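If you read the sequences in order, they're chains E and A. Residue numbers for the first sequence follow numbering that gives the first Met the number 0, beginning at 0 and rising by one. Residue numbers for the second sequence follow numbering that gives the first Met the number 0, beginning at 0 and rising by one.
In short, the hints are calculated from the structure, not lab data. None of the values given here were measured: they were computed from a predicted structure. All C-beta atoms in this analysis are idealised placements derived from N, C-alpha and C, irrespective of residue type, glycine included. There's no promise every hint is true.
[Claimed, not checked] Here are the simulated lysine-lysine pairs, BS3-like style, with alpha carbons at most 25 Å apart:
(1) Lys27(E) / Lys306(E)
(2) Lys282(E) / Lys270(E)
(3) Lys150(E) / Lys50(A)
(4) Lys124(E) / Lys150(E)
(5) Lys153(E) / Lys50(A)
(6) Lys38(A) / Lys50(A)
[What the hints assert, rightly or not] Covered stretches of chain A (chain E as the covering partner; in silico rule of three or more C-beta atoms under 8 Å from a C-beta of chain E):
(7) 62-71
(8) 95-103
(9) 190-197
(10) 232-246
Residue strings, one per chain:
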Amino acid sequence: MASTIASTPSSSSEAEINRSLTADDKIKLFEQMTRIRRFEQASLKSYNSGKMGGFLHLYIGQESVAVGTISLMQENDHVITAYRDHGHALAVGMGMNECMAELYGKATGCSKGKGGSMHYFAPDKNYWGGHGIVAGQTPLGAGLAFALKYKGLKGCAMCYLGDGAVNQGAYHESLNLAALWSLPVIYVIENNGYSMGTSQKRSSAYQTCLAQRAESYDMEWDLVNGEDMYEVRAKTHIAMERARNECRPAILEIQTYRYQGHSVADANHKKYRSPEEIERYKKHHDPISLWQQCLFDEGVLTEERAKEIDKSAKDEAAAAVKFAEESPFPTVEDITKDVYWEVDNDTERGRTGRHFFN
Amino acid sequence: MRLIEYRDAINEALAEEIERDENVFLLGEEVAQYNGAYKVTRGLWDRYGDKRVIDAPISEAGFIGMGIGASMLGLRPVMELMFWSFAYVAFDQMINNAACVRYMSGGLIHCPIVVRGPANGGTSVGATHSHTPENFVANVPGLKVVSPATAYDAKGLMKSAIRDNDPVYVMENTLLYGEKGEVPEEEYLVPIGSADIKREGSDISLIAHGRCVITCLKAAEILASEHGINAEVVDLRSIRPLDEETILSSVKKTNRAVLVDENKPFCGVSAQICTLIQEQAFDYLDAPILRVNTIDAPAIYSPPMEIEQLPTVKRIIEKVLAIA
Ligand SMILES: Cc1ncc(C[n+]2csc(CCOP(=O)(O)OP(=O)(O)O)c2C)c(N)n1
Ligand SMILES: [Mg+2]
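Construct all of the structure, not just a fragment, from the sequences and the given hints.
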């Protein structure tokens, strides 16, 4: 449960994977979290001024999860997540411009304006989305891991899901297959305490935590304090190494919190949880402030440098907004592109028979 | 030419493609050690082993979704559904993921996956085991769906499906698995999206797919011998993409059409064909287009009644005689 988060940094800072971090590496983690937050704050502003359609699920408050875990990725590691996907996208290295333009539904967006907020993809960065159906990505995550193993590649798939996704059948089927076939997949439950307006207590039956369900699949699991960057990295690293080296899956439950409503359209978010609760998290458990403080304490980061980083993140987000606003929309002709590979590539197969019935 | 069973024709296609491409593997319930619920994969596990022929637990959403994920990373899974009726527990994966991920990624991803298995009524297994979802699937842009009627087409379409870079859903038929047909020794492909004239005729076009093609051929023989009507039988083979030219040129020649398919009538495949003909060959028609479908109710168990529920030779002949 999110409310059990402790704010003191753990001994995880001593873990080898963290001790090997240089000052620059640490600052980079801070910078990435800051960029995600500033990007999303800018997108919220645009959303509220009517520039975007549909839903906007913000990741604000959860940044340490994507940044911490993705910072551990190696060449053959892959990432797939749900619809709250902006943080992971920026963390794997997608640009703010293409991400912002996608929110605006522009042709310059990462999915050419065809996916929207919930459907970001960057296969060149081993990022497989961006999935709008709760837990729909969990079998795909097993599939990425299956393909790695089939090809004999040493890597792992990190498949993120929410605390509300753990009750879907597809997830349980995936856990069974992952354990049965020893697939190098790590299911990362980003437990922010709520699935829309339903608290964890009102949606899940469990013993001590959601990840513990792994035991019934004979799978490893761990519970992680998401506000502690060192702990996120140390515990995730263990699971990733196990997956890469022993082809064994795991469930990690990372405790975190979202500040905004479920989506920007969620008007109720101060009713199903108290304003005090939200304030408490912002004040005492904010992953960016905590990491910044930690780096101040370590003498790695100065206040001045932190301000510079923040300013440049803000500027980058503002530039992304400008880029998105000035970009063209896709055209009506674009509607029927990117449906069939064979048609797009004008192959013999793509030219045989009628594919579209307009 | 040698005659082999429809199931063995598929078996050959699978074996040849496994040998041709190391990324091709088979996965499904009972496909490996049990040799396949319908023996389509007989002998393949013995020959190709655990890596290429994999038994899955009863977990269609899980393993089909897993296959889709693996195909995004370049593998070419061929997934068996024991019955297409069981796809319904995996439809989220098969539609939201396989069909949409290319689009939603702006063309960055594609899913070269094949999902295959029988989709037919007529075996007295009741409503839950007798669905024919080719019309559902054909409704989804991003998916391809084929339905072979003969051993020759079953082999050639399966090989094309496996080589296709988009998801292809192959709907076979348990009542055809044991049917023998001519299949050449040498390698061949049947392109997806091309129909085939299974019987040439001049008086009326019977347009069908799957086992209904066989029913139409029987009806055509009776129409010729007893009624002096020379029917042409058009086998769609592929539903989406659809070979419109072959359909239209047949109708333009015969000026009459009866559409036959095992779908229920409402939004069945034949409804789409009907629209096509009236839009593009209206002036050639000498009579309304009529359809023969499965009688509109869940599949009845009672064996003699189930025969009546599905398109029959008798109902086809009645419709033909009404307009020819
Ligand atoms: C199959 C399905 N059912 C319902 C929804 C609507 N929905 C979207 S997100 C959501 C809540 C999920 O919460 P959680 O898994 O905890 O993720 P979080 O939003 O907290 O990141 C719901 C009910 C959906 N997208 N898909
Ligand atoms: Mg949640």
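Structure versus earlier hints - violations, ascending order: Result: no hint breaks.
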